[in-house]
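A.B. asks: Sequence:
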Amino acid sequence: MPERQTGMTSSSAATALDSMNSSLAELCAPHYHNCSFDVPRRFSGFAQRLQLALSQLTRSTSSLDAFPPSVLTALKGIAGELGEALKTLSCYRTKGKIFVLINCNSLCKSINEKTVAISGWLALLDSAIEDLPDLRKKIADLSRDMKQAQFKVTENEERVQQTLQKQGEATQTKTSKPVESAIIMDLARALGVDHENHAELSKQIRLLRNDFAGSNSPHGTPDFGVVREDSGQLGRTGPMSQRAWNSKTTLKSLRSRISCVP
8 MPERQTGMTS SSAATALDSM NSSLAELCAP HYHNCSFDVP RRFSGFAQRL
58 QLALSQLTRS TSSLDAFPPS VLTALKGIAG ELGEALKTLS CYRTKGKIFV
108 LINCNSLCKS INEKTVAISG WLALLDSAIE DLPDLRKKIA DLSRDMKQAQ
158 FKVTENEERV QQTLQKQGEA TQTKTSKPVE SAIIMDLARA LGVDHENHAE
208 LSKQIRLLRN DFAGSNSPHG TPDFGVVRED SGQLGRTGPM SQRAWNSKTT
258 LKSLRSRISC VP
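The numbering of the sequence shown is the working numbering, which starts it at 8 and goes up by one.
Hints listed in this document are in silico derivations from the structure and should not be mistaken for laboratory results. None of these values were measured; they are calculated from a predicted model. One should not assume that every hint holds.
[Claimed, not checked] Restraint ranges, calculated between C-beta atoms of paired labels, are given here:
1. 172 / 38: 25 to 33 Å
2. 29 / 134: 42 to 50 Å
3. 172 / 100: 22 to 30 Å
4. 25 / 203: 48 to 56 Å
5. 22 / 161: 37 to 45 Å
All C-beta atoms in this analysis are idealised placements derived from N, C-alpha and C, irrespective of residue type, glycine included.
Take the sequences, apply the hints, and build the full model.
C.D. replies: Rendered as structure tokens:
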């Protein structure tokens, strides 16, 4: 057990703790923990475990200054990665489901990177608290599980994402009615709605239109490689930038497919 000291933690430690507690409180909230998408739901589970470990760590001493400097380094690192992860996951809360599906691969990639980074910081934290065996085990287990998490999009989400990508390309080929029906059924399944519920599907398309408009703002969407709008075209930012998307084509195509399906 580290020697207890009186007084408050250092300013840096307090700032890191405040940042972590704020991010973890949000990440453990029901809108992430009960999300219909697997990525935020699983990450929220990790956040709950991290929240418990952090609580035990702060209860173990009157001041984090009693720990080696590497503890503060680890906490700062975790705080930074949690903040970035929260920015990415906010897309699942603030954007419509179709927008999330369009960006599912880049969202998943970003969260995988943040999860592995947090795992590394947890490994550093684990090595620095030798006198707390129970807490060390919890942190070591969490570090291992986060390192091995490998978030993935589902097969249906991947298929829908590829379909939506085609809808966003400027040149379209005419498709048959059976293909139209299959597209809508896949989309409805990914959205968690009945494929005959045209009202809900239309609502999701309206949300997509608003999302496209909102992403035009420099502060409308976190910078994790999602679709953005620029002069009517949508393109990917960062390393995911490979294709152009046309928002008007996407919306028009989806609306026409819903209206054509009996």
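A.B. asks: Against which earlier hints does the structure fall short, listed by number upward?
C.D. replies: 2
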